[in-house]
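Enquirer: Listed below, chain by chain, are the residues.
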Amino acid sequence: MFYQFITGPLLWLTFGIFFVGLLVRVVNYIRGLDWQLDRVAYRAHPGMAIKGALQSIIHWLIPFGSVGWRFKPLYTIIFFVFHIGLVVTPLFLEGHAVLLKERWGINWPTISMGLADTLTIGVMAATVCIAIRRIALPEVRIVTTFYDYFLLLLTVTPFASGFLTVYQAPNPWAIQDFWLYAHILSGELLLIAIPFTKLFHVVGYFLSRGQLGVDFGVKRGFKAKGGFAW
Amino acid sequence: MPEGILCNKTPVTTKEQLDAVLADKGGKKYYEEMKHLEIDVEKLQTTLQATFKSRMKTWLEMCAHCGLCGDSCFLYLANRKDPTQVPSYKILSTLGKIVKKNGNVDNAHMRYCMDVAWSKCTCCNRCGSFCPYGIDMGVMFGYLRGLCFSQGFVPWELKIGSGMHRIFKAQMDVTPEDWVETCEWMADEQQDEWPGLEIPVDKEGADILYTCNAREPKHYPEDIAEAAILFHIAGENWTVPSEGWEQTCLTLFAGDWAGCKTQIENVYGAIERLKPKRVLGTECGHAHRCMVVEGPYWAGRADGRPPAPYLHYTEWVAEALRTGKIKIDPAKRIKEPVTLQDSCNYIRNYGLKDVTREIMSYLVEPGYFVEMTPNKEHNFCCGGGGGINGIGMYRQQRNVGLKVKRDQILATGCKLVISPCHNCWDAIRDLEEVYELGIRWTFLKPLLIKMAIIPEHLKPKEEEE
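Taken in order, these protein sequences are the chains called A and B. Sequence positions in the first sequence follow the numbering used here and run 1 to 230. Sequence positions in the second sequence follow the numbering used here and run 1 to 465.
Chain A with its partners taken away, still in its complex shape (with noise of 0.2 Å):
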């Protein structure tokens, strides 16, 4: 009955917030750009427009894609690894494609068992780190809040759990299906907090790169053969 809820009208609430609050993000953001006071000219000059924000876009997708990337190589690695593992496993896991098969009949392209592990080790791995990262290095510490760790915990709780659903640990309440409860709550936790926290940038990013892309290829770097070198 529980497992019902949560994985039906709760799932479907958590999908619409998800998917309504981002759109929300992403027509506001687009709204709120003024060529004028941004000094950007958008619309004027479209082609250099496009191609500077899809540069700008893909070169920092691409691990080592940027200068930026291979300035920082450690660094690079545990953010691919990090990100990689977030947005690949719960998309193609096996377990996630079971559902969509035996609700809907959709077939989903999975990834084996063993990838989806090896991502979601890397994922709890490159939290770690990143949370070392933040304690380690003086100029990460003095950004750092609160809230930042929170986010980080908020991100990795539906892997770290879904992984321990996976190999069936024991809870400490013995409670059956615990780790799979967490799992499916953590899970719609986090994408519901996407739209709110600093976590949207799973649009954000696109949005803002792709404004700096646009702002170099029409105005700032407009000059350069090939664009600005990101």
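Hints were generated in silico from the structure; no laboratory data involved. Hints may contain errors.
As a list, the in silico DSS-like pairs of lysine-lysine whose alpha-carbon atoms are at most 30 Å apart [what the hints assert, rightly or not]:
hint, chain 1, residue 1, chain 2, residue 2
1, A, K225, B, K275
2, A, K225, A, K72
3, B, K275, A, K72
4, B, K57, B, K43
5, B, K43, B, K29
6, B, K203, B, K325
7, B, K261, B, K203
8, A, K223, B, K203
9, B, K450, B, K415
10, B, K325, A, K223
11, B, K459, B, K335
12, B, K81, A, K72
13, A, K72, B, K376
14, A, K225, B, K327
15, B, K376, A, K223
16, A, K223, B, K261
17, B, K450, A, K223
18, B, K332, B, K450
19, A, K198, B, K43
20, B, K275, A, K223
21, B, K275, B, K261
22, B, K53, B, K97
Residues of chain A clear of chain B, computed beta-carbon distances all greater than 12 Å [what the hints assert, rightly or not]:
hint, residue
23, L13
24, G21
25, T118
26, Y147
27, F163
28, T165
29, A229
From the three backbone atoms N, C-alpha and C, an ideal C-beta is built for every residue, glycine too.
Could you slot chain B onto chain A? The hints should help.
Expert: Frame of chain A; chain B shown alone:
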């Protein structure tokens, strides 16, 4: 609401006000008054409401506090990785706080904002290209300067600079008459060596309209003469405007938004009046950013471009060399290790990296040009950008910041630095003064004059007895 006599929220717009502020040497009284300046919270809120939009809002909100921007900032590096120099920290603790508190900040916070905005950021925009989100702290500090200026928290020199622009339409007290006279004087002075050399004023429909930096007529008019000589050698049909010749805009440094608009419109007015085919600015990165990169927006031009194609001096030089308008004597090319300072304002923030390197290929004997590391779009600020060169109160911070450029230059092993930017040129000169490296630095103009092959018909005729 306590407003100082010298330090207040009203920009300087009259000669009397200007003289009063100038008379307060070093801004002693000015800064004393600043300590008692009250914040107009309502005005700050209204400004935020009207101008703080999604781009910056998102930047401040989304910043992941990853600290990656630290190493991108030359001031962070120069200050031995002092965490309070991390760009993210600098902007969150200043503008971030103003936004969070919706303008309910006190005098001490505004003075802190002023210190950070002018002594801990030169608006070089390097951090923006090292942030995965593309958060450009330089842009935000430019904005913060505007908020500070509107509340009267602006370094003394820039209060004066803004006033100069509002009164003289130039960063220094050079009137249109002074300017035209200087041009005539410079043309006259050259007649022995360059018979027939002219500095045409207000010629309509010329191929090139030349604009410069007020320091040229005020302090080193030879620079104008050099520009004229090079146009003369290249056989250009050029002119200067009697009004609207000042390409710099200290109002931009000062955060005086209204002052920016009038200054830029003054120059654009000259372009519209004289209808040149193209406009050419002097060897100044700041001036280029004012009139070419940011200017169109201040003037409300939706296409983001000036009224006529507006070139940086390096673009013209590269073209003149490429087309053979100016020919270099191969025997006179530079035959010693030489490096090039990439100005943030027209390299990172305009994209002229290939143009300046093309020039090097003509001026420097192959094998002698040495790149700085990093370079091009990722070069470090000279250390003197964003107005910090001219602010007495921040001289010490500026000098510390110069260390990064010093080490970059030392690593090249060169004793000669080519610096086609007024601000960089000044910073490198001061760097030599402070750190005594034994280096020389130069604009392009004197180099070109030394190396150019002078066409026979331009040479002075031997006097026949």
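Enquirer: Against each hint, give a clear statement of whether it holds in the structure.
Expert: Against the structure, the hints come out as follows:
| no. | hint | in the structure |
| --- | --- | --- |
| 1 | A:K225 x B:K275 | holds (29 Å) |
| 2 | A:K225 x A:K72 | holds (26 Å) |
| 3 | B:K275 x A:K72 | violated (50 Å) |
| 4 | B:K57 x B:K43 | holds (19 Å) |
| 5 | B:K43 x B:K29 | holds (25 Å) |
| 6 | B:K203 x B:K325 | holds (22 Å) |
| 7 | B:K261 x B:K203 | holds (25 Å) |
| 8 | A:K223 x B:K203 | holds (29 Å) |
| 9 | B:K450 x B:K415 | holds (18 Å) |
| 10 | B:K325 x A:K223 | holds (22 Å) |
| 11 | B:K459 x B:K335 | holds (26 Å) |
| 12 | B:K81 x A:K72 | holds (16 Å) |
| 13 | A:K72 x B:K376 | holds (19 Å) |
| 14 | A:K225 x B:K327 | holds (25 Å) |
| 15 | B:K376 x A:K223 | holds (13 Å) |
| 16 | A:K223 x B:K261 | holds (24 Å) |
| 17 | B:K450 x A:K223 | holds (29 Å) |
| 18 | B:K332 x B:K450 | holds (8 Å) |
| 19 | A:K198 x B:K43 | holds (29 Å) |
| 20 | B:K275 x A:K223 | holds (23 Å) |
| 21 | B:K275 x B:K261 | holds (20 Å) |
| 22 | B:K53 x B:K97 | holds (16 Å) |
| 23 | L13 | holds (25 Å) |
| 24 | G21 | holds (14 Å) |
| 25 | T118 | holds (24 Å) |
| 26 | Y147 | violated (9 Å) |
| 27 | F163 | holds (24 Å) |
| 28 | T165 | holds (29 Å) |
| 29 | A229 | violated (5 Å) |
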